[in-house]
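Undergrad: Protein chains in written order, with the numbering used here: chain A, 1 to 506; chain B, 507 to 832; chain C, 833 to 939; chain D, 940 to 1027; chain E, 1028 to 1145.
Check the hints yourself; a few may be wrong.
Think about it this way: if two alpha-carbon atoms lie no more than 16 Å apart in a straight line, the pair counts; the simulated EDC-like pairs of lysine to aspartate or glutamate are [claimed, not checked]:
| hint | chain 1 | residue 1 | chain 2 | residue 2 |
| --- | --- | --- | --- | --- |
| 1 | E | LYS1127 | B | GLU585 |
| 2 | B | LYS755 | A | ASP108 |
| 3 | B | LYS530 | D | ASP997 |
| 4 | B | LYS584 | E | GLU1137 |
No wet-lab data here; the hints were simulated from the structure. Treat the numbers as computed from the prediction; the structure is a model and nothing was measured.
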Amino acid sequence: MLEQHLAALPILLPLIAAPIVLLVGRSSLAWMVATLVSGFATIAAWQLLITCLASGSLSYAVGGWMAPWGIELRIDAANAFVLLAVTAISTLVLIYSKDSVAKEIESDKHLLFYTAHMLCLAGLSGILVTGDAFNLFVFLEISSLATYTLVSLASDRRCLTAAFRYLVMGTIGATFILIGVGMLYMKTGTLNMLDLSVRINLYESSRTINTGLAFVMVGVGIKLALFPLHMWLPPAYTHAPSAVTAFLASTATKVAVYVMIRFIFTIFGADHVFNDMGMDLILMVLAVVAIFKCSYMATVQNNVKTVLAFSSVAQIGYMVLGIALVSAAGLMAGLIHIFNHALMKGALFMAVGAVFYRVGSVNLQDFRGLGKHMPWTMAGFTLAGLSIIGVPLTVGFISKWYLVSAALDQGNWLVAVLVLLGSLLAVVYIGRILEAAYFQKLPEGTDPEQVKEVPYLMLVPMWILVIANLYFGIDTSLTTDAASAAAQWLFENSQTSVPQVMEMKP
Amino acid sequence: MAVLIDLVLLSMLALTALRIIFLKDLFAVVMLFGIYSFLSALIFINLDAVDVAFTEAAVGAGISTVLMLSTLALTGRKEKESKHSSILPFLVVTVTGAALIYGTIDMPPFGDANNPIHQHVAPRYIEQSPVEVGLPNMVTSVLASYRGFDTLGETVVVFAAMIGVLTLLSVRRKEDDEAPDSGLKSHRVLHVVAKIIIPFVILFALYVQFHGDYGPGGGFQAGVIAAAAIILYALVFGLPMALRVISPKFLQILAPLGVLLYASVGIYSMFMGGNFLDYNKLAHDPVHGQHYGIIIIELGVGITVFAVMLSIFYAFASQAERRNVS
Amino acid sequence: MFFLDILSGVLLLVGVFFGFTGALGLFRFPDFFTRVHAASVTESIASILILTGLMLQTQFDLNTAKLIFILLFLMITSPTASHALAKSARHGGLLSIPESKKKKENS
Amino acid sequence: MIGVLATVCIAILVVMGLALARACYADTVYDRILGVNMFGTKTVLFIAAVGFLMGRPDFLDIAIVYALINFIGMIAVLRFFEYIAPIE
Amino acid sequence: MSFILDYYNYWVVVFLMMTGFYIVISANNLVKKIAGLNIFQTSVFMLYISMGKVTGGTAPIVVEGVELYSNPLPHVLILTAIVVGVATTSVGLALIIRIKRAYGTVEENEFKNSDDAI
Chain A
1 MLEQHLAALP
11 ILLPLIAAPI
21 VLLVGRSSLA
31 WMVATLVSGF
41 ATIAAWQLLI
51 TCLASGSLSY
61 AVGGWMAPWG
71 IELRIDAANA
81 FVLLAVTAIS
91 TLVLIYSKDS
101 VAKEIESDKH
111 LLFYTAHMLC
121 LAGLSGILVT
131 GDAFNLFVFL
141 EISSLATYTL
151 VSLASDRRCL
161 TAAFRYLVMG
171 TIGATFILIG
181 VGMLYMKTGT
191 LNMLDLSVRI
201 NLYESSRTIN
211 TGLAFVMVGV
221 GIKLALFPLH
231 MWLPPAYTHA
241 PSAVTAFLAS
251 TATKVAVYVM
261 IRFIFTIFGA
271 DHVFNDMGMD
281 LILMVLAVVA
291 IFKCSYMATV
301 QNNVKTVLAF
311 SSVAQIGYMV
321 LGIALVSAAG
331 LMAGLIHIFN
341 HALMKGALFM
351 AVGAVFYRVG
361 SVNLQDFRGL
371 GKHMPWTMAG
381 FTLAGLSIIG
391 VPLTVGFISK
401 WYLVSAALDQ
411 GNWLVAVLVL
421 LGSLLAVVYI
431 GRILEAAYFQ
441 KLPEGTDPEQ
451 VKEVPYLMLV
461 PMWILVIANL
471 YFGIDTSLTT
481 DAASAAAQWL
491 FENSQTSVPQ
501 VMEMKP
Chain B
507 MAVLIDLVLL
517 SMLALTALRI
527 IFLKDLFAVV
537 MLFGIYSFLS
547 ALIFINLDAV
557 DVAFTEAAVG
567 AGISTVLMLS
577 TLALTGRKEK
587 ESKHSSILPF
597 LVVTVTGAAL
607 IYGTIDMPPF
617 GDANNPIHQH
627 VAPRYIEQSP
637 VEVGLPNMVT
647 SVLASYRGFD
657 TLGETVVVFA
667 AMIGVLTLLS
677 VRRKEDDEAP
687 DSGLKSHRVL
697 HVVAKIIIPF
707 VILFALYVQF
717 HGDYGPGGGF
727 QAGVIAAAAI
737 ILYALVFGLP
747 MALRVISPKF
757 LQILAPLGVL
767 LYASVGIYSM
777 FMGGNFLDYN
787 KLAHDPVHGQ
797 HYGIIIIELG
807 VGITVFAVML
817 SIFYAFASQA
827 ERRNVS
Chain C
833 MFFLDILSGV
843 LLLVGVFFGF
853 TGALGLFRFP
863 DFFTRVHAAS
873 VTESIASILI
883 LTGLMLQTQF
893 DLNTAKLIFI
903 LLFLMITSPT
913 ASHALAKSAR
923 HGGLLSIPES
933 KKKKENS
Chain D
940 MIGVLATVCI
950 AILVVMGLAL
960 ARACYADTVY
970 DRILGVNMFG
980 TKTVLFIAAV
990 GFLMGRPDFL
1000 DIAIVYALIN
1010 FIGMIAVLRF
1020 FEYIAPIE
Chain E
1028 MSFILDYYNY
1038 WVVVFLMMTG
1048 FYIVISANNL
1058 VKKIAGLNIF
1068 QTSVFMLYIS
1078 MGKVTGGTAP
1088 IVVEGVELYS
1098 NPLPHVLILT
1108 AIVVGVATTS
1118 VGLALIIRIK
1128 RAYGTVEENE
1138 FKNSDDAI
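Work out the full structure: start from the sequences and follow the hints.
TA: Okay, here's the thing in structure tokens:
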């Protein structure tokens, strides 16, 4: 029975767990339920990835209604790959959050925290597995609402304004997506993604469809913090509780990148988006500007969480750059970076959360001397930081390697050089933190007894991610296999659907 | 005739929307927003979307307005002059609007029966759903059965809203209140009238809940109306009285139970060998199965929506009361 | 049936006429309390006439019952609302024209 | 009969327009509320009438909801004035 | 003329959407922003419902002797979207109340001094 419903499990488990978590009443029990459910979802995602790598794609008709009439869950290598990253990170963050949350969030809100986390996970998985454009909007809103809640749980009052800004921009983004999907629906009469992709090609250059595309792109652009629309991200990540930042930074924007890939490649067709509308140039310019502007912004910030938040926007630039290269290799680089960046940022934000746990704030000067007093935390931070920079033997290197080689394949040496230059800025902003941690002394007046290593429940998940950073930097077979299969699948299906329906043009 | 009504309503909407831009009195903004919702619901009726009109009237004009008013009670009712230039927003809006107008040029003409959306997918709903699902109201059939997963998502969204609001605003029960029990105390007529109509409103909510298969209505609308009845009670007799009738703790148990009731139908159908939410498997006769499934999930939706709307109102209202005391 | 149709038409048109006068009153009367008066009284009579007119159009089935329900509901709530509003205005310190004149003279 | 109903609908729309104008441009807050309230009641009548005009009078449920929401809105507004002075 | 009749509905709806959008991005007060957001969304709902209309059709509830119904699918989508809208509104308003309590103001330009700008 479980195999039959495998496709539905990663979303049903957290969806049903969310109300149960609220009902169990005790926060330790809630934590246990949430972690277990998230772990099961991870196993399901893993099974799905294996199945998809072996046999292409999977479809599940919810309610037993066939696709264009009912809602279909459709899983292929691409979303199974991202799904695995999201569920795995969620599980690790949940383990981590037991102590972190106990410290940062008032005790009567723990249940709400775990419920919101489950809702967020359910929303993100739903976005990933659904094969229906409107259903995607619904799950996008579930995850967004849960995210606003999670961000506003911090005790610092600035989280409120950050959450509000996020809410307004996020809702505008979602509404834009709604407008875009409406225009597509109006022209094609269907909401199912595969059906849409077939029928959109009947109207090769319809203004309505192009406008719909533009609105979806802007809407998704807001959600994934594409450069000029990223204004909500740094404050939200800075002021959210540590566990929340670790989860969101490594999953939420990645899922949005996936949505962009899905819309470009599966629904509209890469050929139409890039060749007819010239979207690749726009995306490429925005991505490059994002890499430089935001990496620069990261170097001048004082709050370490803000540094990493700007770094996230820059890293999203790399992913979008991969998409904008319009080749299977570029897309693969983008997908690998989605996975790898989740590993790096998860580890980094967990380390920062550990510092917050002991020191109580995460400004640059608070990191002074921590190399000595919190050795494991800072060692983890250092390794993950090296990964962001792109040092060999880490996953960051793998991402950049594939990105650069994809760019060079096309003879686009300019992009290749820019990617490498962007890494130099990463050296600066990570370097500043490491310098404070290892080459400066603990500030006067701090009790060294207070600043010690964090509990194991926080260290272990952090180090699992750090080790994953190294492992997947050396043995790349899993990530590259999955990403290249996904990229191949997306790219081929995107190209072939164009000619076969051309004759049906009315 | 329909076109004429449509035009008149649209111009009233435009007037209202434009007026809202320039009003600095937030109370007036909220009032006009209520009118805007009412008007758009009228447009929905005129465009045959009776279920949508039902919901928009209850939610947009009802719940949203009440929530906005209780927010205003805490934040004050004047918008201050902004020194920003309004040129940049105007530019953004003009560009977006121009893009949309550009997009409309190729749209299928308004109301044409040959439009793609009337040719693909929807014909099955219109022709088959009375047979396959067995309900006269196609909207309910599509909502609860064909796109039941969306509706589960919708219920979860409502649930997520409750989680969000409770996180931000906690409902404090004033057990030992020496606070003046508020409510529209001096309005004796209101008290009598409210006592008369509240039972009828709850009766009406039940009617909407179970008549949704045959006419406009369903779990969502019923939940909102039932919540509205209690909200009316709280407004007239004061929040402490309402808290005594239905306690927030109870609502916090009720809301997740509704979601679980919905999901359990799906799980059950999985055990009966179907896919998630496949109501055909619930009984020997598929149409009966559909019927059972829809009744139960509508009940789940109704319970959740009632509990959530009411606890959101409690959370907002108790903030206002707290300020009143201090 | 012809007779009922005529009757219903007459009721509807008269009802609308009253509704219209009420709306005019909103603009033409001098102070708030007279305007409340104009609005609420005409509203009641207009509701009665229009809804009764519509009832005569039904086949005397569930729709009639619903119309009666609406009518009763409006009959109860609409005057209550007007009353509460006027009372609130009074409570809030709004004065009618004669009163404000008197106040001016006194001060 | 359709002609009469159409006239009635249009006339109610006109009245609604007047009430809306009152709500948009009012001297005092109370006048605004009065306009809104009148608008709400006339909307109820309009829905009832338009149902008969369109030949589907079975949607009177919506009119009931309108009447209910209109009343609750009024009460909420009055309640609101307990917290914030209506006249500055 | 027929061109106008075919599209006037969409144009007005676009105008309404943009009015709402303008309120969201230009309003100084946060409550007004949320009201604008609601107007924006409600207008998008109208776009959907407009496309579902069939001239001469009737509401999609089966009655004897009627063949032509309007499209039920947009109605279903918008029912869901309305619910999503009210959910967002309530969370937004709750945030506003907390912001007022923490900062003492809900006017956008009064946050500008610190890094906690909206």
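Undergrad: Which of the listed hints are broken here?
TA: 3
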